[in-house]
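Student: From first to last, the protein sequence lines are chains A and B.
Take any residue in the first sequence, count from 1 to its spot, add 3: that is its number in the numbering used here.
Take any residue in the second sequence, count from 1 to its spot, add 49: that is its number in the numbering used here.
Calculated from the structure, these hints are not laboratory results.
Glycine included, C-beta positions come from ideal geometry on N, C-alpha and C.
Accuracy of the hints is not assured; some may be wrong.
As the list claims (entries may be wrong) - For each label pair, taking beta carbons as the anchor points, the in silico distance ranges come out as:
id, chain 1, residue 1, chain 2, residue 2, range
1, B, Asp116, A, Ala127, 26 to 34 Å
2, A, Val288, B, Gly168, 51 to 59 Å
3, A, Ser183, B, Arg131, 30 to 38 Å
4, B, Arg63, A, Pro237, 43 to 51 Å
Stated by the list, open to error - Over the 10 Å line for every Cβ pair with chain A, so calculated as not near, a few chain B residues:
id, residue
5, His117
6, Asp129
7, Val145
8, Ala315
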Amino acid sequence: MTVTSLAPGTRTAAAADVPSPAASFVRARRAARGRVTLGRVVHAEWIKFRSVRSTVLALLATVGAVVALGLLFSGVHSGVIGADTIGLQPGSAAGPVEVSLGGVNLGQLIIGVLGVILVSGEYATGMIRPTLTAVPRRLPVLWGKTLVFGGVVMAAMLVATFTAFLAGQALIGTAGASLSGAGVLRAVIGAAVYLTGVGVIGLAAGAILRRAAAAIAVLFTVVLVVPGLLPLLPYSWNGAVGPYLPSNAGTAFMTATHAAGSLAPWTGLGVFAGYVVAALAVAAVLLKRRDA
Amino acid sequence: MIEVKNLSKRYGPRAAVDDLTFTARPGTVTGFLGPNGAGKSTTMRMIVGLDAPTSGTVTVNGRRYADHPAPIQEIGALLDARAVHPSRSAYNHLRVIAATTGISRRRVDEVIDLVGLRGAARKPAGSFSLGMSQRLGIATALLGDPETVLLDEPVNGLDPEGVLWIRNLLKALAAEGRTVFVSSHLMSEMALAAEHLVVIGRGRLIADVPIAEFTARACVTSVRVRSPRAAALGELLAGPEVSITSSERGVLEITGLSVEQIGERAVQAGICLYELSPQQASLEDVFMELTHDSVEYRATVEAAPVGRAA
């Protein structure tokens, strides 16, 4: 506990006066004198991500929600669960693919909140200060977080959407879709892309607003509330604006069957990607500009 | 080496730091002293680039902090010991910071041993006492083996053993040729650890002096003399080594002469004394006096020879 626990060793002549200078400093100086690189910041963010249990649990919860709800909806759709075929009229847009991916609606909320908390949590705990002191150019922190979070979430969501799809089709049986069907593979991968994108938008919202409550409120408003309100507006507004909302643009590329009035799948992906990039760009400018 | 030049930080009309200029030099423990709210933390945040100055510049080892390719190997900072994720272990916290410049796990283990946290390193940082958090903060600051060490109130929350440990650590770091810049609002602690003092109040520089000068000022004893013939006594006692001031009618504050000398010379001259008492200022008194009103005392300490002021 005292300074005498330091190993002997000197760096300057003056150090001889001190009973126990720290030789350990000198060793580290030779061993690891490194620049801050994006790769290293990614590594640091990866250690951060996996060393807090709640983030890992939230990720697993998202996978669970996507798979479990997908199975539930598929079960209902096929008549395995319940006697009625609820809501889904014959000929409706929701085919077996969309039904098995229905868990995305809940999953996006969990993953969006996780994205928010990943950044707002650093402001709440103060961890942002040691983080930005270590990386004073700041932007690598945002890119590092985005890469780590985006990568991990993408991997987990691919597992989730493929599991939900395959298990769901197994439940639906002969009426089910196959991955080789038109647009099916795109829809299953698209669902994972959408979930990852919502997570990254959450992350950016957390960086922009810094407080979890505010960022989650904004995220939910954009993803859930606005699309729900649009049908109450004049039809022409709905037709002009509706397809370009993030959630509707997402739906365009994560459904196998193209619904009337929605964007073409690749257009939808482009629009959705635009939201993600715009959110990150605002976050980057503010991170660079504001006092931490 | 930390060089602060004309540094200011304004929040609206209020200046948290106002035209501050000083240098913290290598091989020296520089104490950064001021009452709470004087702008110490804001200054330190600007040094490591967390806050942007409204005007002025600050460089660390000759460059703006953010321009260093390996920042934490230039300056190790402890700004707020509680600023860690509470559910992450101390070990993983250090690993995160170390990873940004590729510092090895072995170095992480070294600093853990250095601050005496071996037993608690795997526990969540949120379960730490303030003293343990301070040790973790110091471990973080030392990770990169930095040339310059910056610590904001490092002795807060430490037990007496911990305070002694910090004091020795600071001296050892400075003896190795490092720049050590430590803030405190406790004069007594600084008197024991620092060799140079930068004192600020209301964001302005009050004093930038070697600690020896500061303590000499505190140790100066004056003698208070009350006499109906104060003016005559003053003329009698005046001399090259003697300073005499009067703050109220009939009362003299005399430095440079002992109580005995004054008493004997008064008797010889037949001057009656009503009061003859030695006065001594403690370090805390000097500090309080200095920071009591930054503007009034600003020039006094910097310009006036010690022992004549006030």
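Student: For the range 26 to 34 Å, tell me whether the beta carbons of Asp116 (chain B) and Ala127 (chain A) fit it or not.
Tutor: 30 Å, holds
Student: Between the beta carbons of Val288 (chain A) and Gly168 (chain B), is the distance compatible with 51 to 59 Å?
Tutor: 44 Å, violated
Student: Evaluate the condition: distance from the CB of His117 (chain B) to the nearest CB of chain A exceeds 10 Å.
Tutor: Violated, since 8 Å does not exceed 10 Å.
Student: Are all C-beta atoms of chain A more than 10 Å from that of Ala315 (chain B)?
Tutor: 48 Å, holds
Student: Note whether the CB distance of Ser183 (chain A) and Arg131 (chain B) lies within 30 to 38 Å or breaks it.
Tutor: 56 Å, violated
Student: Per the hint of 43 to 51 Å, is the separation of the Cβ atoms of Arg63 (chain B) and Pro237 (chain A) within bounds?
Tutor: Because 50 Å falls inside the window, the suggested range holds.
Student: For Val145 (chain B), is the shortest CB-to-CB distance to chain A above 10 Å, so the non-interface label stands?
Tutor: Val145 (chain B) is in fact no farther than 10 Å from some Cβ atom of chain A, at 5 Å.
Student: Per the stated criterion, does the least C-beta distance between Asp129 (chain B) and chain A lie above 10 Å, as a non-interface residue requires?
Tutor: Not fine: 6 Å to the nearest Cβ puts Asp129 (chain B) too close to chain A.
Of the numbered hints listed earlier, those contradicted by the structure are 2, 3, 5, 6, 7.
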